[in-house]
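So the protein lines, in turn, are chains A and B. Anchor point for the first sequence: position 116 equals 116 in our numbering, and the numbering is continuous, going up by one each time. Count along the second sequence starting at 1, add 261, and that's the number in our numbering.
I should point out that these hints are in silico values taken from the structure, not numbers from a laboratory. One thing to keep in mind: the hints can contain errors.
Computed, partial: chain A to chain B, Cβ under 7 Å [claimed, not checked]:
hint : residue
1    : 36
2    : 48
3    : 79
4    : 80
5    : 87
6    : 90
A partial selection of chain A residues facing chain B, derived with a Cβ cut-off under 10 Å [stated by the list, open to error]:
hint : residue
7    : 49
8    : 89
9    : 107
10   : 224
Simulated restraints on C-beta separations [what the hints assert, rightly or not]:
hint : chain 1 : residue 1 : chain 2 : residue 2 : range
11   : A       : 58        : B       : 423       : 40 to 50 Å
12   : A       : 203       : B       : 303       : 32 to 42 Å
13   : B       : 511       : A       : 157       : 52 to 62 Å
14   : B       : 442       : A       : 189       : 33 to 43 Å
15   : A       : 131       : B       : 377       : 28 to 38 Å
16   : B       : 397       : A       : 93        : 48 to 58 Å
17   : A       : 112       : B       : 319       : 50 to 60 Å
Yeah, the Cβ is synthetic: ideal placement off N, Cα and C, and Gly gets one too.
Letter by letter, the chains look like this.
There are 2 protein chains.
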Amino acid sequence: MSEHGSDRSEETATSGGRRNPAEEARTLVSRVTTGHLATVGEDGDPWCSLVVYGPTAGGDPVLLVSTMAEHGRNLQRDPRASLAIDDPSLPGDPLDLPRITLAGRCVQPEGDRAEEAFEAHVAAVPGARLYAGWDDFTLWVLEVQRVRWVGGFARMETIDRGAYGYAEPDPTAPGAAKAVEHLNAEHGAGLLLIARELTGARGAVSAYCTGIDRYGIDLACTGAGQSAATRALFDEPLQKVADLRPATVALVQRARAAQEG
Amino acid sequence: MSEHGSDRSEETATSGGRRNPAEEARTLVSRVTTGHLATVGEDGDPWCSLVVYGPTAGGDPVLLVSTMAEHGRNLQRDPRASLAIDDPSLPGDPLDLPRITLAGRCVQPEGDRAEEAFEAHVAAVPGARLYAGWDDFTLWVLEVQRVRWVGGFARMETIDRGAYGYAEPDPTAPGAAKAVEHLNAEHGAGLLLIARELTGARGAVSAYCTGIDRYGIDLACTGAGQSAATRALFDEPLQKVADLRPATVALVQRARAAQEG
Numbered sequence: 001m002s003e004h005g006s007d008r009s010e011e012t013a014t015s016g017g018r019r020n021p022a023e024e025a026r027t028l029v030s031r032v033t034t035g036h037l038a039t040v041g042e043d044g045d046p047w048c049s050l051v052v053y054g055p056t057a058g059g060d061p062v063l064l065v066s067t068m069a070e071h072g073r074n075l076q077r078d079p080r081a082s083l084a085i086d087d088p089s090l091p092g093d094p095l096d097l098p099r100i101t102l103a104g105r106c107v108q109p110e111g112d113r114a115e116e117a118f119e120a121h122v123a124a125v126p127g128a129r130l131y132a133g134w135d136d137f138t139l140w141v142l143e144v145q146r147v148r149w150v151g152g153f154a155r156m157e158t159i160d161r162g163a164y165g166y167a168e169p170d171p172t173a174p175g176a177a178k179a180v181e182h183l184n185a186e187h188g189a190g191l192l193l194i195a196r197e198l199t200g201a202r203g204a205v206s207a208y209c210t211g212i213d214r215y216g217i218d219l220a221c222t223g224a225g226q227s228a229a230t231r232a233l234f235d236e237p238l239q240k241v242a243d244l245r246p247a248t249v250a251l252v253q254r255a256r257a258a259q260e261g
Numbered sequence: 262m263s264e265h266g267s268d269r270s271e272e273t274a275t276s277g278g279r280r281n282p283a284e285e286a287r288t289l290v291s292r293v294t295t296g297h298l299a300t301v302g303e304d305g306d307p308w309c310s311l312v313v314y315g316p317t318a319g320g321d322p323v324l325l326v327s328t329m330a331e332h333g334r335n336l337q338r339d340p341r342a343s344l345a346i347d348d349p350s351l352p353g354d355p356l357d358l359p360r361i362t363l364a365g366r367c368v369q370p371e372g373d374r375a376e377e378a379f380e381a382h383v384a385a386v387p388g389a390r391l392y393a394g395w396d397d398f399t400l401w402v403l404e405v406q407r408v409r410w411v412g413g414f415a416r417m418e419t420i421d422r423g424a425y426g427y428a429e430p431d432p433t434a435p436g437a438a439k440a441v442e443h444l445n446a447e448h449g450a451g452l453l454l455i456a457r458e459l460t461g462a463r464g465a466v467s468a469y470c471t472g473i474d475r476y477g478i479d480l481a482c483t484g485a486g487q488s489a490a491t492r493a494l495f496d497e498p499l500q501k502v503a504d505l506r507p508a509t510v511a512l513v514q515r516a517r518a519a520q521e522g
């Protein structure tokens, strides 16, 4: 591996080469619109039910629920709630998939905040415009106080409101699955070059992209009877889905330069 | 439509031509192994988190949870819990899909009941054998006291423990999706014959199977610029997945006899 490629990887990794738990949490909350809400029943019993939500700019979930539903009546009486969010579209053991619980209190937003909250909800749940005006529906913002993030088996962390509110959702997440599919279908040679020249997997004979995010790409490499998970970092954090393509092209060019250099 | 076909349909429908809410609930609990559990936190706050479960013969979910997890510690302190179950693999608006909440108390089963509960859990979650013996894991049975079933928009019902425990899960449910796919791919003419001769949709020019269960099949029919949802009933409730094929063949034969008769 060239000194250039090696140095660069380590340098970027040190300054944040992977989404931290707060960023993972914000990304998950932004990507999903369905969750399960725990509220307090009339007799103090915990009540769990499915809800849809849209997050505010700060990551607080906005709910629009009917008092015809048990959770709607529960919130009127006791504002404490927690919302569990995971992405059931991901394959694999559900206990090994990323998930979070957002715990806090529900408040009814007023004035400009009510309008912002409503827009946040319908941006995620467009159909809600249909019933938003009905008498029995109330807009609630779950003001998140504490976040429990589970990344999979034995990867977990508690995040406070400050870190959660400050973190950015990964802006490339909506395009990640498609980009991974495209890279594996069309750019196997480029991935292998990246694996060999930029991630230290010099003996790799195959490289398969397992993930992509604003900071870099994850590769599963095989070679010499071994397999390894490696990662290559982009020059800078990406700012939008459309950055994924030029950033991966740049990675391949850097790998090629390293090979020739 | 022949008198025979018509009479038969109405007769079977009257004596239970569709799964009732308790059967829907039991079927959903049997088909899914992942749910979201609401428990009571140390300060009385509601806590929501993902769990996996397997149901006992009576439909009580069996959990195997660690005290390393917040819900595990919560149950040690307060046995009240509710479990929300839905099937995220189904397409469509999540608010219009079937779902249930099972509310009750968690108990640690003892003796034979502990063994039965353990077997119920690992039948649904085979990987649990791996960690079942670890010190921090506890087996809990959620003794269901109350069930809230939501069938979709404006279809909901509360079911008590008696009705829930007494109802049978639909034994054909594990084969239903595949049967629907097969019927639509290979037996369009048979479905159309059923629609015309047995469900009253005499003017139908197309019939598409939208669902199948132990009691009958649901069809979406079109013809004369109209569309309609209709249903044809089997002679008897089916007892296993393998009954789906002969029962649908029998329906087609009955439709043919009606056409010729």
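Hint check:
The beta carbon of residue 36 of chain A is positioned within 7 Å of a beta carbon in chain B (closest approach about 4 Å), and the interface hint is therefore held. Here the hint on residue 48 of chain A is kept, as its CB sits about 4 Å from the closest CB of chain B, short of 7 Å. Interface hint at residue 79 of chain A: violated, since its Cβ lies 10 Å from the closest Cβ of chain B, which is beyond the 7 Å cut-off. Against a cut-off of 7 Å between C-beta atoms, the interface hint on residue 80 of chain A holds, since the closest Cβ of chain B lies about 5 Å away.
For residue 87 of chain A, the shortest C-beta to C-beta distance to chain B is roughly 9 Å, which exceeds 7 Å, and the interface hint is violated. The closest approach between the C-beta of residue 90 of chain A and any C-beta of chain B is roughly 10 Å, which is over the 7 Å cut-off, so the hint fails. With its C-beta approaching chain B no nearer than about 6 Å, residue 49 of chain A sits inside the 10 Å limit, and its interface hint holds. With a least beta-carbon distance of about 7 Å to chain B, the hint placing residue 89 of chain A at the interface is held under the 10 Å criterion.
The closest approach between the C-beta of residue 107 of chain A and any C-beta of chain B is roughly 15 Å, which is over the 10 Å cut-off, so the hint fails. Interface hint at residue 224 of chain A: violated, since its Cβ lies 30 Å from the closest Cβ of chain B, which is beyond the 10 Å cut-off. A C-beta distance of roughly 47 Å is found between residue 58 of chain A and residue 423 of chain B, which places it inside the suggested range of 40 to 50 Å. Here the CB-CB span from residue 203 of chain A to residue 303 of chain B is close to 52 Å, at odds with the stated 32 to 42 Å.
The beta-carbon spacing between residue 511 of chain B and residue 157 of chain A, approximately 58 Å, falls within the hinted interval of 52 to 62 Å. Remark: the range hint 33 to 43 Å for residue 442 of chain B to residue 189 of chain A is upheld by a beta-carbon distance near 38 Å. Between residue 131 of chain A and residue 377 of chain B the C-beta distance comes to about 44 Å, which lies outside the given range of 28 to 38 Å. Restraint check, residue 397 of chain B to residue 93 of chain A: a C-beta distance of roughly 19 Å breaks the suggested window 48 to 58 Å.
Remark: the range hint 50 to 60 Å for residue 112 of chain A to residue 319 of chain B is upheld by a beta-carbon distance near 52 Å.
The structure shown violates the earlier hints numbered 3, 5, 6, 9, 10, 12, 15, 16.
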